[in-house]
Amino acid sequence: MKIIVCVKQVPEAETQVQIDADGRWVTLGAGTEFRMNRFDECAVEAAVQIKRKFADTHIHILSIGPQRAEAVIRRSIGMGADDGTHILTAKEGFVEPFRIATWLATCPQAQSADLILCGAMSEDLMQGQVGPLLAATLSLPCTTSVVDISINPENEQVNVAREIEGGYRQTLVLNLPAVLTIQTGINQPRYPALSKLLRANRLPLEVLQADQLEQPQSYQEVERLLPPRKTRDAVFLKGTTHEKAEQLITILSNRSLLT
Amino acid sequence: MNNGVNIQTIVVIAECFEGGIRPVSYELLGFAEALQQEKPAKIKILLLGDGVKNFARDLAQTTGEDVVGIEAPHLAQYNGQVHQAVLYNLLNENPPAYVCAAHSSQGWDFGPSLAARLQATCITSVIRVSARDGKICFSRDIYGGKVSADIISKTKTTLVTVQPGAFRWNSRPKQEPGAVEIISVAIDPQTSQTISTHMHQASDLDLSQAKVIVAAGRGIGDEENLDLIHQLASAIPQSVVCGSRPIIDQGWLSYDRQVGVTGATVSPDLYLACGISGAAQHVSGMQGSALVVSINTDPMAAIFNQSDVCIAEDLTVFIPILLEKLSETSQTK
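Protein sequences appear in the order of chains A and B. Just so you know, we're using the numbering used here here: the first sequence kicks off at 1 and counts up by one. Just so you know, we're using the numbering used here here: the second sequence kicks off at 260 and counts up by one.
Calculated from the structure, these hints are not laboratory results. All C-beta atoms, glycine included, are put in the ideal place defined by N, C-alpha and C. Please note that the accuracy of each hint is not assured.
Sample of chain A residues at the chain B side, in silico, Cβ under 8 Å [stated by the list, open to error]:
#	residue
1	Leu125
2	Ala193
3	Ser195
4	Val222
5	Arg224
6	Pro228
7	Arg229
8	Ala234
9	Lys244
10	Glu246
11	Asn254
12	Arg255
13	Thr259
All chains, please: the whole structure from these sequences, using the hints.
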């Protein structure tokens with residue numbers, strides 16, 4: 001069984017984000033730390049768990065990003081994936097989801113996969129589009145927010161549960177090959193094993209230059225970025241920690257919230 | 260579907276679930292009307308299901324808009340491939356200017372791939388619409404709500420998924436009901452089938468009635484710190500402990516205590532957000548709260564923009580002091 005997992009490198013949530021002077025994109029604070037998108041980490045873990053059940057499984061990682069993104073491919077291999085392709089982008093900045101999906105779909109590994117796993121969304125841009133768009137590009141069935149996977153090799157099908165609102169779930173059966181987008185909570189991703197990480201760091205990755213791949217027509221554009229709108233007063237309490245605690249108690253008592 | 264030469268169409272994909280129209284359907288109408296302000300267009304509501312005639316009639320009555328009910332036995336339970344195929348067949352011949360769906364487990368599932376098939380751009384979790392130099396801008400949060408991005412479409416048709424809770428629809432006094440059309444379609448799901456839709460874990464907890472909610476987010480750090488959140492809840496009368504998705508995923512709180520898009524929508528008198536970053540997915544579940552107080556070490560945290568009172572402090576330092584002072588206050592009474 002050939003599994004593809006698409007992973008993305010994202011900045012830590014506490015990162016300082018500065019809007020560029022032209023208002024078109026952002027610059028991240030100096031010393032920003034990057035890591036694997038948590039949804040994708042769950043997708044890698046799900047693939048590794050399938051590999052444990054079906055020994056002849058091969059897991060190939062795809063990631064798009066600048067040079068630094070290589071780290072998440074190596075981490076995935078450290079978790080148990082076999083190898084990976086890095087689609088190298090020349091510069092930082094926004095790449096629209098349709099273009100990302102097109103680039104991923106041009107990889108022969110994606111075209112011949114039995115199962116493609118993606119995170120349900122990325123933590124930084126939260127678009128949730130790449131998985132379904134990749135499925136549409138490859139004309140494969142797709143389902144999102146997956147919280148349980150069970151492969152049925154005899155029927156070439158996969159049984160999944162997906163999370164919907166209000167504590168409900170749906171169970172589905174999809175014909176393979178299929179694209180699944182993984183919701184967090186499906187598993188607790190393992191830490192990469194040291195021995196595997198050492199191997200991962202030595203392993204040559206396949207590198208494709210993004211600007212040499214098919215460039216689809218642009219569908220959307222970032223017009224401008226703005227600081228988020230305040231929907232409330234956003235009054236910051238001032239003073240020492242003790243004074244802030246006292247002010248808060250006064251606010252709550254005045255509203256009869258402490259009685 | 261586009262009847263006039265100049266007048267464009269905004270198609271709204273309403274949702275029904277568990278024998279009713281989901282409230283988010285009306286929010287979509289609120290979005291469509293906001294879009295109409297910037298770009299004159301006719302609204303048409305589509306409702307997919309099996310046996311939707313009465314719902315379609317209700318929608319046409321309450322909203323005054325035209326409603327098309329699309330029926331097929333395979334539409335009884337939501338399935339992304341089926342939804343996408345039915346909508347594609349319906350819209351492909353004469354694609355509307357805009358297709359609006361909820362950013363829900365349905366909309367985010369069928370939206371992007373339907374857009375791809377219609378050669379339309381897809382813009383997800385939209386919270387605002389505006390015009391700038393004649394261009395329609397769809398705003399969405401990025402970087403956990405620290406930045407708002409205005410996206411413009413470059414395609415003839417644009418599919419938008421609208422963040423639940425971001426738009427409101429104001430019902431109008433009595434009006435002419437919209438026209439209702441019911442279409443039966445034949446669809447044979449081949450590559451994907453929905454087997455069941457069921458309650459995963461039933462719960463008696465009704466967060467929508469809570470007076471005070473003390474909510475924990477990823478910023479609490481370690482599981483031990485959850486104890487501080489519980490202590491704080493014990494010190495404030497009639498309060499319930501909840502969390503954002505990461506806390507539930509860790510198994511630190513049960514799933515029925517999750518606030519946000521995939522969890523509960525709450526509107527307590529006080530929402531005390533502890534270590535919550537303030538991503539749109541969470542905010543859409545708590546923005547109806549009367550008073551929002553947030554504690555976060557990061558003074559730039561997005562949650563502060565959605566708060567009345569902001570406390571930029573380390574909660575492991577602040578909460579013990581607050582607890583001490585709360586106990587002094589209650590003793591002096």
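- Item | Supplied contact hint for Leu125(A), tested at 8 Å Cβ to chain B | Since the shortest Cβ distance to chain B is 5 Å, the answer is holds.
- Given Asn254(A) as an interface hint, is the shortest Cβ-Cβ distance to chain B below 8 Å? 11 Å, violated
- Would you settle whether the hint for Arg229(A) is holds or violated, based on the nearest Cβ-Cβ distance to chain B being less than 8 Å? 7 Å, holds
- Satisfaction of the Val222(A) interface hint, Cβ to chain B closer than 8 Å: Val222(A) check passes; min Cβ-Cβ to chain B is 6 Å, inside 8 Å.
- Query: Would the stated hint for Thr259(A) survive a check requiring a Cβ distance to chain B of less than 8 Å?
  - Reply: Thr259(A) check passes; min Cβ-Cβ to chain B is 7 Å, inside 8 Å.
- May I ask you to test the interface hint for Pro228(A) with respect to chain B, counting a Cβ-Cβ separation under 8 Å as satisfied? 5 Å, holds
- Message: Would the hint on Glu246(A) be counted as holding, given a Cβ-Cβ threshold of 8 Å to chain B?
- Response: Hint holds; Glu246(A) Cβ to chain B Cβ min 6 Å, cut 8 Å.
- Message: Quick check on Arg224(A) please, does its C-beta sit within 8 Å of some C-beta on chain B?
- Response: 5 Å, holds
- Message: Would the hint on Ser195(A) be counted as holding, given a Cβ-Cβ threshold of 8 Å to chain B?
- Response: With a minimum Cβ separation of about 27 Å from chain B (threshold 8 Å), the hint on Ser195(A) is violated.
- Item | Interface restraint verdict for Lys244(A) against chain B (beta-carbon cut-off 8 Å) | 6 Å, holds
- Item | Status of the Ala193(A) interface restraint (C-beta, 8 Å, chain B) | 22 Å, violated
- Message: Take the shortest C-beta to C-beta distance between Arg255(A) and chain B; is it under 8 Å?
- Response: 6 Å, holds
Violated hints, in rising order: 2, 3 and 11; the structure is consistent with all others.
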